[in-house]
Amino acid sequence: MPLNKSVENLSEDEARGELRRLAKVLTNSNVAYHSEDKPNIDDATYDALKRRNQKIELRFPQLKLPKSATDQIGAQPKEGFQKIQHTIKMLSLGNAFNQEDVNDFVIRIKKFLSIPVAHPLSMVAEPKIDGLSLAVRYEKGKLVHAVTRGDGEIGEDVTANAKSIDDIPITIFDAPDLLEVRGEVYMGHSEFTALNDFQLNSKQKLFSNPRNAAAGSLRQLDARITRDRPLKFYAYAWGSISSPLGRTQTESVNQLKKFGFSVNPLFRRFETTDGLVEHYKYVEKIRPDLGYDIDGMVYKVDDLALQERLGFRSTAPRWAIAHKFPAEMAWTQLIDIDIQVGRTGALSPVARLKPVTVGGVVVSNATLHNEDYIRGVDSKGHKIRDGKDIRIGDYVQVYRAGDVIPKVSDVDLSRRPKDSIPFDFLKKLEAEGIEGHRADGDAVWRYSGKQPSPYLAIETLKHFVSRQAFDIEGLGTKQIEQFFDRGWITIPLDIFTLKNKYGSGQALQLKNIEGWGTKSASNLFDSIDQKREIPLNRFIFALGIRHVGEGSAKLLAAQFLTWNNFTRAMVEAVPESEPWEALLNIDGIGDVMAKSVIEPFQDVAQLNEINALVDQLVVLPFEQINKANSPIAGQTIVFTGTLEKMTRAEAKARAERLGAKVSGSVSPKTNILIAGSGAGSKIKKASEFGVRIMDEEDWISLIEET
DNA sequence: TATCCTCGAGTTCC
DNA sequence: CTCGAGGATA
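Its first residue numbered 1, the first sequence is counted upward by one per residue in my numbering.
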């Protein structure tokens with residue numbers, strides 16, 4: 001059958017044969033290109049064949065093969081990329097929304113470092129590009145891989161695609177043996193417009209903004225598509241590195257430039273906060289003419305030694321901040337207010353809006369937080385939005401906080417319908433048939449209806465399989481809802497007994513459900529089996545105990561180390577008992593949390609359920625993160641008195657980075673007491689317990705050993 | 001007791 | 001991303 005016979009003239013039979021033939025050729029070519037890295041046909045031919053395939057499918061949709069090459073591209077990029085763990089986490093940044101926030105940020109840093117507030121501090125500023133972060137790793141000057149930010153810990157391997165970006169060199173000269181360059185992949189305005197013109201002409205989906213276009217292009221499974229997309233890259237930071245690039249941020253960025261990376265031309269250094277803000281205003285003014293999207297400025301402490309001292313908080317460095325430009329606003333009408341039930345029973349109001357475009361995205365829902373937020377006055381009498389309440393029918397101003405979460409920021413009273421009435425939270429709950437209760441001093445209403453409630457049960461299950469908990473592939477929100485509706489999975493235990501009940505034997509019931517076949521069913525059972533081993537901290541988190549998130553679950557796991565220890569202690573932990581004290585001794589756990597943690601273990605029904613669940617699992621002991629071989633790793637340290645060389649906050653951060661636990665009070669479990677000047681009762685207590693006591697000088701020399 | 005900091009929980013759209 | 005609340009600290 002001739003390839004050049006035009007699609008319009010093909011008979012149905014010819015088309016069927018041609019589709020089969022094309023499928024074979026395209027699949028072979030994909031394998032050759034991706035898996036063997038040796039293309040067997042040239043790009044132009046490949047593209048021509050693919051377009052032809054598409055055209056035939058368009059004309060004879062009924063003939064479309066189940067595994068069409070047109071679908072494969074773009075349909076599975078999620079599975080298509082290998083996951084790679086970042087050696088050094090890719091963190092996000094704290095935000096400043098006005099000059100005051102920036103001042104606070106600089107003052108906080110100076111206090112942390114005990115630099116007088118009036119003293120100058122070198123800071124650098126550069127635009128914050130609205131694109132995607134990428135980490136590019138070089139070994140002996142050769143690009144070995146490029147990984148997207150992902151969740152900060154694990155990203156996707158997009159090496160083949162990154163190599164096609166001109167701003168990213170494949171080879172760099174005189175580089176350190178190991179160099180991981182971090183920067184932003186983005187698309188310029190003119191390139192974006194041109195791409196959308198092309199998409200329009202070829203009847204393909206338009207991109208809503210340059211950022212989405214850049215994301216879509218970088219995450220193409222087919223690197224040839226990425227190559228044709230005009231992506232750019234600005235380098236602004238580094239991750240793992242075998243030798244420093246400089247002593248300051250400025251020197252390091254200059255060095256990156258010498259290696260051949262593009263760096264932002266608006267990078268500047270300033271000695272004062274005013275300088276930073278002036279630069280911010282200048283960039284804001286020229287923003288429309290830059291030719292690419294930015295959403296603010298990033299400020300960093302210039303001196304790398306100071307950056308090191310400042311270190312990191314749980315999600316962001318202390319030494320950097322993003323100063324955001326004001327968000328785009330839009331006005332629209334509030335059609336209704338609905339109530340949503342969360343996992344913990346929190347009843348949250350959600351605004352249903354007349355769809356409106358804000359920052360290139362159509363928004364039709366927005367969070368309203370709680371009853372007070374709607375009323376316009378919080379429980380302490382503080383005004384929100386100048387005290388304007390939000391009513392159904394109102395015209396409201398909407399923006400996307402952090403360019404993501406839609407929020408209602410203002411109400412146009414002049415357009416308020418004459419007959420509108422204030423929103424009555426309780427009445428709404430009654431109308432919906434939801435029993436709720438708002439505790440004294442709390443802002444949230446909570447579900448107070450009969451347990452077990454289907455609302456809570458399903459949210460509990462979603463939490464259980466979520467990424468930070470069991471992370472079971474192929475068992476997401478949709479599947480949980482499907483199984484819940486059938487009554488197959490109503491509690492977490494059911495997930496692990498699913499195969500026995502419905503997946504094997506003569507029944508094989510799962511494959512009879514819509515959307516499930518034998519193959520997908522067995523895939524699901526495999527991925528469930530894979531997760532039967534789970535680290536203690538993840539398991540505690542998965543239980544969904546109120547007040548216990550990822551962080552606190554880790555604290556608990558670190559304290560009790562094994563599931564047996566933990567569960568025994570929780571069963572025995574009545575107030576004033578020894579395990580109760582052990583709980584409260586954990587830095588970060590107080591009585592509210594302690595009470596919450598022991599509750600499920602002291603209720604027979606819940607405890608039985610947990611035990612039955614554990615029977616299906618292997619809960620792995622908590623693994624101490626190897627904090628190198630620091631002399632204080634694993635030790636519990638208490639600071640007291642006034643330290644001269646560093647602030648308490650810095651001392652604490654330093655100790656924690658070296659693997660020590662910093663506690664507030666001396667107990668028999670304390671290993672070291674560091675006593676600054678003016679220390680009192682704690683020294684006495686420490687000597688009673690035989691705790692090692694050292695002064696600030698000893699402490700400094702101890703940490704400088706490492 | 002008041003204030004600061006950090007974490008948990010809930011949120012949207014693609 | 002934001003808000004509220006819990007925990008630590010002064």
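Everything labelled a hint here was simulated from the structure, so no lab data went into it. Even for Gly, the Cβ is constructed at its ideal location relative to N, Cα and C. Certain hints may be false.
Stated by the list, open to error - Capping the alpha-carbon separation at 27 angstroms, the derived lysine-lysine pairs in DSS-like fashion look like this: (1) Lys-89 to Lys-285; (2) Lys-462 to Lys-418; (3) Lys-354 to Lys-450; (4) Lys-163 to Lys-281; (5) Lys-285 to Lys-427; (6) Lys-450 to Lys-407; (7) Lys-140 to Lys-258; (8) Lys-205 to Lys-89; (9) Lys-89 to Lys-142; (10) Lys-83 to Lys-595; (11) Lys-83 to Lys-140; (12) Lys-111 to Lys-89; (13) Lys-645 to Lys-685; (14) Lys-257 to Lys-163; (15) Lys-83 to Lys-427; (16) Lys-257 to Lys-205; (17) Lys-519 to Lys-531; (18) Lys-83 to Lys-531; (19) Lys-499 to Lys-519; (20) Lys-324 to Lys-285; (21) Lys-281 to Lys-257; (22) Lys-354 to Lys-257; (23) Lys-407 to Lys-428; (24) Lys-281 to Lys-110; (25) Lys-203 to Lys-285; (26) Lys-388 to Lys-407; (27) Lys-89 to Lys-324; (28) Lys-450 to Lys-428; (29) Lys-519 to Lys-501; (30) Lys-258 to Lys-142; (31) Lys-89 to Lys-388; (32) Lys-380 to Lys-427; (33) Lys-427 to Lys-205; (34) Lys-418 to Lys-407; (35) Lys-450 to Lys-205; (36) Lys-499 to Lys-531.
As the list claims (entries may be wrong) - With beta-carbon atoms standing in for the labels, derived distance ranges: (37) Ala-439 to Lys-257: 22 to 32 angstroms; (38) Asn-671 to Asp-471: 34 to 44 angstroms; (39) Lys-281 to Pro-120: 18 to 28 angstroms; (40) Ser-11 to Gln-468: 51 to 61 angstroms.
Each hint tested on the structure:
As the CA atoms of Lys-89 and Lys-285 are separated by approximately 34 angstroms, the hinted pair breaks the 27 angstroms bound. At roughly 43 angstroms between alpha-carbon atoms, Lys-462 and Lys-418 are farther apart than 27 angstroms, so this suggested pair is violated. At most 27 angstroms may separate the alpha-carbon atoms for a hinted pair to count; Lys-354 and Lys-450 exceed this at roughly 35 angstroms. For the hint linking Lys-163 to Lys-281, the alpha-carbon distance of about 35 angstroms lies beyond 27 angstroms, and the restraint is violated.
This hinted pair does not check out: Lys-285 and Lys-427 have alpha carbons roughly 49 angstroms apart, beyond 27 angstroms. Pair hint Lys-450 plus Lys-407 does not hold up; C-alpha atoms about 32 angstroms apart against a cutoff of 27 angstroms. Between Lys-140 and Lys-258, the direct Cα distance comes to roughly 16 angstroms. Compliance with the 27 angstroms bound is thereby established for this hinted pair. Straight-line distance between C-alpha atoms of Lys-205 and Lys-89 comes to about 34 angstroms, which puts the hinted pair past the 27 angstroms bound.
Distance restraint check for Lys-89 and Lys-142: the Cα-Cα separation of roughly 22 angstroms lies within the 27 angstroms cut-off, and the hinted pair is therefore satisfied. For the hint linking Lys-83 to Lys-595, the alpha-carbon distance of about 39 angstroms lies beyond 27 angstroms, and the restraint is violated. Of the supplied pair hints, the one linking Lys-83 and Lys-140 holds, its CA atoms being roughly 23 angstroms apart against a limit of 27 angstroms. With a C-alpha separation of about 26 angstroms, the suggested pair Lys-111 and Lys-89 falls inside the 27 angstroms cut-off, and the hint holds.
Distance hint between Lys-645 and Lys-685 is fulfilled; the C-alpha atoms sit about 25 angstroms from each other, no more than 27 angstroms. Restraint check for Lys-257 and Lys-163: the C-alpha separation of about 18 angstroms stays at or below 27 angstroms, so the hint holds. Pair hint Lys-83 plus Lys-427 does not hold up; C-alpha atoms about 49 angstroms apart against a cutoff of 27 angstroms. Distance check on the hinted pair: Lys-257 and Lys-205 sit about 36 angstroms apart at the alpha-carbon level, beyond 27 angstroms; violated.
For the proposed pair Lys-519 and Lys-531, the alpha carbon gap of about 19 angstroms is at most 27 angstroms, so the pair holds. Proposed proximity of Lys-83 and Lys-531 is supported: the alpha carbons are some 17 angstroms apart, at most 27 angstroms. Annotation: proposed proximity of Lys-499 to Lys-519 holds, straight-line Cα distance about 14 angstroms (limit 27 angstroms). For the suggested pair Lys-324 and Lys-285, the alpha carbons sit about 14 angstroms apart, so the restraint of at most 27 angstroms is met.
Straight-line distance between C-alpha atoms of Lys-281 and Lys-257 comes to about 26 angstroms, which keeps the hinted pair within the 27 angstroms bound. A hinted pair counts as satisfied when its Cα atoms are at most 27 angstroms apart, and Lys-354 with Lys-257 does not qualify at roughly 48 angstroms. Note on Lys-407 and Lys-428: the hinted pairing holds, with a Cα-Cα distance of about 21 angstroms set against a maximum of 27 angstroms. Between the alpha carbons of Lys-281 and Lys-110 the distance comes to roughly 24 angstroms, so the proposed pair stays at or under 27 angstroms and holds.
For the hint pairing Lys-203 with Lys-285, the CA-to-CA distance comes to about 37 angstroms; that exceeds 27 angstroms, so the pair is violated. As the CA atoms of Lys-388 and Lys-407 are separated by approximately 15 angstroms, the hinted pair is consistent with the 27 angstroms bound. Between the alpha carbons of Lys-89 and Lys-324 the distance comes to roughly 23 angstroms, so the proposed pair stays at or under 27 angstroms and holds. Straight-line distance between C-alpha atoms of Lys-450 and Lys-428 comes to about 19 angstroms, which keeps the hinted pair within the 27 angstroms bound.
Of the supplied pair hints, the one linking Lys-519 and Lys-501 holds, its CA atoms being roughly 18 angstroms apart against a limit of 27 angstroms. Restraint check for Lys-258 and Lys-142: the C-alpha separation of about 16 angstroms stays at or below 27 angstroms, so the hint holds. This hinted pair does not check out: Lys-89 and Lys-388 have alpha carbons roughly 42 angstroms apart, beyond 27 angstroms. Distance restraint check for Lys-380 and Lys-427: the Cα-Cα separation of roughly 23 angstroms lies within the 27 angstroms cut-off, and the hinted pair is therefore satisfied.
With a C-alpha separation of about 44 angstroms, the suggested pair Lys-427 and Lys-205 falls outside the 27 angstroms cut-off, and the hint is violated. For the hint pairing Lys-418 with Lys-407, the CA-to-CA distance comes to about 25 angstroms; that is within 27 angstroms, so the pair holds. Of the pairs offered as hints, the one joining Lys-450 and Lys-205 is violated, with about 47 angstroms between alpha carbons and a cut-off of 27 angstroms exceeded. Taking the CA atoms of Lys-499 and Lys-531, the gap is about 14 angstroms. The hint holds against a cut of 27 angstroms.
The given range of 22 to 32 angstroms is broken by Ala-439 and Lys-257, whose C-beta atoms sit roughly 57 angstroms from each other. With their beta carbons about 35 angstroms apart, Asn-671 and Asp-471 fall inside the hinted range of 34 to 44 angstroms. Checking the proposed 18 to 28 angstroms range against Lys-281 and Pro-120 shows it holds: the Cβ atoms sit about 20 angstroms from each other. Between Ser-11 and Gln-468 the C-beta distance comes to about 55 angstroms, which sits within the given range of 51 to 61 angstroms.
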